[in-house]
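S.K.: Put chain B on the given structure of chain A with help from the hints.
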Amino acid sequence: MIWVVKITFKVNGQPITLDVKPNELLINVLRDKLKLTGTKYVCGIGECGACTVLLDGEPILSCLTLAVDVNGKEVTTIEGISKNDELSEVQEAFMEEGAIQCGYCIPGFIIMSEYLLRINQKPTEEEIKEYLKGNLCRCTGYVNIIRAVKRASESRTTKTG
Amino acid sequence: MSRELRPVPINLRNTKIIPFEFQYFEPESLEEALQLLRTYGSEAKILAGGTDLLVKMKIRAVEPKYVINIKLIRELRYVRADRDSVRIGALTTWRDLEKSDLIREEVPALYDAVKSMGSLQIRNMATVGGNLCNASPAADSAPPLLVHEAKIKLTSIEGTREIPITEFFTGPGMTVMKPYELLHEIIIPKRKGGSSFIKVSRVAMDLAIASAATYVEVEDNTIKDVKIALGSVAPRPIRARKCEAALIGKKVDEGVLREIASLVAGEISPIDDVRGSAWYRREVSKVLVYDSLIKSLERVRR
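From first to last, the protein sequence lines are chains A and B.
Just so you know, the first sequence maps onto residues 1 to 161 in my numbering.
Just so you know, the second sequence maps onto residues 1 to 302 in my numbering.
If we strip away everything but chain B, and leave its shape as in the complex, we get:
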């Protein structure tokens, strides 16, 4: 299997400027932003951290007529908890999550993802909402939120709707969001089990070649509930439901876990790309799921 080596488009088209002009808005309230989205909708892009959008604009992968910078809307930046859930505002940066005891204690898989995600500079800039809206199959926030069964709150001038994150992604770079909607909040139900996230990447701060998150609840040394999610191995971040079903009711035993974790290879549809081959992704997914299960189980026992 030989592949022609050629520069990827990002290197061919990248320059030090954004090579087109656009009209710029800086709403200071949510209402103002929603109004602008209603007016300019499909021709507008929302700017939050900028670490994905501005790269795409530099290489003209997207060329919005209007850019709506929502960073001044402070009411969208928070991590807080009520009795049943943890709520994260869309503008919360990865650095904010890293500093949050609430995330470390209540959503350990997401905390793992934060620790493995990008450089400190990127974590200071990039937002959770942006990571989800960019909808990369490799988005590090997705597998942890999938196993914690998070809901995404979308807001528009017409009102709000909450959708399960399992229905949020529709394909590479695509979500169910309407052009006039804004990702408002991520709602994570509080659960008592353990969770974790693991990824493999070329160097420490790179995008994932493959990633996996798991959530486990155990009773009498038997797996009572389990959720498994993977990134970078399908057109969108996915749950591995067959693998989950096979694990429920099983005794916690390394041999059994390893055998069932390998079933995940049949549930994913990886591709060859610059970061890794489909074959490698399939093989490494089994290991990632197994390792993540072990890590989650350790956290249950604690």
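In isolation and in its complexed conformation, chain A is listed as follows:
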């Protein structure tokens, strides 16, 4: 017996309707069906944060979310962070600070950093660490990443301030 559920949700502003099986995970629907491969699969058990996406604006782990569960909701992936091929301030800052080596964990870090700066324009170093503690990086290390978030925060506040 096979059960299939029709779901309708938004991905990066675009409405999508899909048939999914109840056991399909959001990350696999994003990567395999919608070809949004920016979201990365790493640990699969909620420890590394690489698969982080925004669900109705709040960060969640797409590897531990059933696709059926996003019915009627709005998902933002790393592809939705840059506008028309123009990188966001956070993305620019990560490049400028050399906060990327292999880059595999970076989509998760960018999503969390975007979320943090959205709710707190001038986070302290402690706040940055608190918000990014669920994201693991095995090669760059965290110093440059934290510096990049600070830089993005400064460039935002100087623009808006």
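Wrong hints could be hidden among the right ones.
Capping the alpha-carbon separation at 25 Å, the derived lysine to any residue pairs in SDA-like fashion look like this [said to hold, decoys possible]:
id	chain 1	residue 1	chain 2	residue 2
1	B	K65	B	P19
2	B	K178	B	A245
3	A	K73	B	V79
4	B	K16	A	E125
5	A	K129	B	R95
6	A	K21	B	A245
No wet-lab data here; the hints were simulated from the structure.
M.R.: Quick look at chain B alone, frame taken from chain A:
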């Protein structure tokens, strides 16, 4: 003492999929959910945050035929207070607790646990009810609720019952819940003392190697009432009643507190596992209880 190093099962069996199919239900009301539980009971699993259940399903540690997603039941997500108690709906996320002034003021030990629990992503997903039902000996919500003498309200199609949290856990992953029952609400009596929770873990967001919560009331610099609970040091989260009894009536004195806190080593039964050794857990428990007592006492005086 040498131990063979080998991958833990979770790493051997984990893949990017849930490797089996199941029938899926999305009840929109409590009644509907209870009806489904009555029908499918022991072959069904309740999905709330998913941060424990889906991991277990991925590695086939559990393989339910039916999954009942209760996230659409909005009436189960709240933190509210009446005159005598604070009530938390089962679907309340850890992030909700973190944002709640009521929890910070009335149940400080639980607020400490929220702050130390998981990443922001996990806190956004994971629910309090799920943390309790998963019944891990390391559940961060358990020691704070134990020292605040919370009650758990379980609801089924037949009615509701309230049980003290001290009777809720029966072993690792096991509770007194019947297959057709739903954890409905956590009821925390309002008390005037101070409380706190401390844990040690490998990295900031990890599961606890050991954890302790305490609740204290003081009168004339004498300990009038005290509750002590520990996590990750026994098959289930426990109260340290001998240690509590030894503290009551004692003057608040660091030397005395330290001496009595060390009694806790005799009340726990820790094991060696990937996170820490039994020896370490025993040693660190004494320190955790002492530190938590000091922190709770500071909050009483405030």
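S.K.: Each hint should be assessed against the structure and marked as holding or not.
M.R.: Hints versus structure:
1. Of the supplied pair hints, the one linking B/K65 and B/P19 holds, its CA atoms being roughly 13 Å apart against a limit of 25 Å.
2. Distance restraint check for B/K178 and B/A245: the Cα-Cα separation of roughly 33 Å exceeds the 25 Å cut-off, and the hinted pair is therefore not satisfied.
3. Between A/K73 and B/V79, the direct Cα distance comes to roughly 24 Å. Compliance with the 25 Å bound is thereby established for this hinted pair.
4. With a C-alpha separation of about 34 Å, the suggested pair B/K16 and A/E125 falls outside the 25 Å cut-off, and the hint is violated.
5. The straight-line distance between the Cα atoms of A/K129 and B/R95 is roughly 17 Å, inside the 25 Å bound, and the hint therefore holds.
6. Among the hinted pairs, A/K21 with B/A245 is inconsistent with the structure: their alpha-carbon atoms are about 55 Å apart, more than 25 Å.
In the structure shown, a violation is registered for the earlier hints numbered 2, 4 and 6, in ascending order.
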